[in-house]
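There are 2 protein chains.
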Amino acid sequence: MIEIERKFLVKSKEYKDHATSKERIVQGFLNTDPERTVRVRIKGDSGFLTVKGKSNQEGTTRFEWEHKITVTEAEQLLILCEKGIIDKTRYTVPVGNHLFEVDEFYGDNEGLTVAEVELSAEKERFQKPEWLGEEVTGDIKYYNSQLGKKPFKTW
Amino acid sequence: MIEIERKFLVKSKEYKDHATSKERIVQGFLNTDPERTVRVRIKGDSGFLTVKGKSNQEGTTRFEWEHKITVTEAEQLLILCEKGIIDKTRYTVPVGNHLFEVDEFYGDNEGLTVAEVELSAEKERFQKPEWLGEEVTGDIKYYNSQLGKKPFKTW
Numbered sequence: 001m002i003e004i005e006r007k008f009l010v011k012s013k014e015y016k017d018h019a020t021s022k023e024r025i026v027q028g029f030l031n032t033d034p035e036r037t038v039r040v041r042i043k044g045d046s047g048f049l050t051v052k053g054k055s056n057q058e059g060t061t062r063f064e065w066e067h068k069i070t071v072t073e074a075e076q077l078l079i080l081c082e083k084g085i086i087d088k089t090r091y092t093v094p095v096g097n098h099l100f101e102v103d104e105f106y107g108d109n110e111g112l113t114v115a116e117v118e119l120s121a122e123k124e125r126f127q128k129p130e131w132l133g134e135e136v137t138g139d140i141k142y143y144n145s146q147l148g149k150k151p152f153k154t155w
Numbered sequence: 001m002i003e004i005e006r007k008f009l010v011k012s013k014e015y016k017d018h019a020t021s022k023e024r025i026v027q028g029f030l031n032t033d034p035e036r037t038v039r040v041r042i043k044g045d046s047g048f049l050t051v052k053g054k055s056n057q058e059g060t061t062r063f064e065w066e067h068k069i070t071v072t073e074a075e076q077l078l079i080l081c082e083k084g085i086i087d088k089t090r091y092t093v094p095v096g097n098h099l100f101e102v103d104e105f106y107g108d109n110e111g112l113t114v115a116e117v118e119l120s121a122e123k124e125r126f127q128k129p130e131w132l133g134e135e136v137t138g139d140i141k142y143y144n145s146q147l148g149k150k151p152f153k154t155w
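So the sequence lines, in the order shown, correspond to chains A and B. Read left to right, the first sequence gives residues 1 to 155 (UniProt numbering). Read left to right, the second sequence gives residues 1 to 155 (UniProt numbering).
Derived by calculation from the structure, the hints in this document are not laboratory data. Keep in mind that this is a model prediction, so the values were computed, not measured. Warning: the hint list may mix true and false statements.
One copy or two, either will do: identical chains are not told apart, so a pair holds if it fits within one copy or between any two.
As the list claims (entries may be wrong) - In the DSBU-like style, the derived pairs of lysine-lysine whose C-alpha atoms are separated by at most 30 Å in a straight line are:
| id | residue 1 | residue 2 |
| --- | --- | --- |
| 1 | K123 | K149 |
| 2 | K149 | K83 |
| 3 | K83 | K123 |
| 4 | K123 | K22 |
| 5 | K123 | K153 |
| 6 | K128 | K83 |
| 7 | K68 | K11 |
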């Protein structure tokens with residue numbers, strides 16, 4: 001499928017007051033090449049293997065393919081992953097008719113918080129909450145695949 | 001799972017007389033790094049996504065994880081793969097108590113034929129047929145992941 005999403009920095013912790021769920025995510029990459037990232041993720045009781053292509057010029061549209069796997073499989077695959085495992089908490093925050101996913105990073109990416117909203121069309125409008133900061137859609141350095149290799153603390 | 005296999009060159013076409021099946025295989029790689037190859041394969045009516053780790057020092061043992069996917073999914077993922085799609089016919093050849101898989105390559109690897117036998121233990125003995133040539137177990141240049149980038153015709 002094709003995924004359309006926009007990504008923003010986050011200005012305050014206010015999103016926490018509106019979050020309907022939070023979940024710890026641990027993930028690594030079997031390939032960090034933006035042309036073909038291959039991600040291994042553990043999220044709660046589930047594992048996922050996800051392949052993403054490069055985004056279009058605007059950075060909003062990206063091919064994404066995902067398969068559910070077991071946590072045991074994900075753990076085995078994480079061992080093979082490149083250095084730089086990503087550890088974060090994801091908050092789900094409804095705003096108007098959309099769901100924002102706000103990722104708070106730990107470890108070498110501590111201090112970075114990023115919000116993403118998935119859209120059904122590139123031009124789709126959505127309500128921007130107070131805590132939303134600068135847009136960073138398409139900026140490769142905010143790809144999780146890059147945050148493993150060049151973490152926020154080294155910027 | 002851990003896969004134990006040995007790989008050989010093939011000296012003659014005689015294996016064809018003993019093959020019990022043959023199947024066309026088309027495959028590409030989402031990562032060709034021997035530390036973590038990610039393979040997309042179409043084999044008959046099925047698709048597969050396979051992750052392999054690096055082999056041990058002897059080259060016989062390698063972590064392998066495989067997931068069945070649809071041909072449509074495989075076709076979509078092949079578009080994202082690195083250059084150098086592999087196209088080959090695989091013959092299944094029973095010899096004694098073992099099954100050899102003999103791969104005849106096409107395209108830029110035309111002229112190369114390689115036989116593999118899967119074992120249940122590293123020291124397991126098996127019958128070597130007449131047509132079996134030099135052992136190339138663990139030689140990375142015969143990995144399919146490498147044959148896409150540096151095909152046989154360029155050697």
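Ascending list of hint numbers which this structure does not respect:
1, 3, 5, 6 and 7
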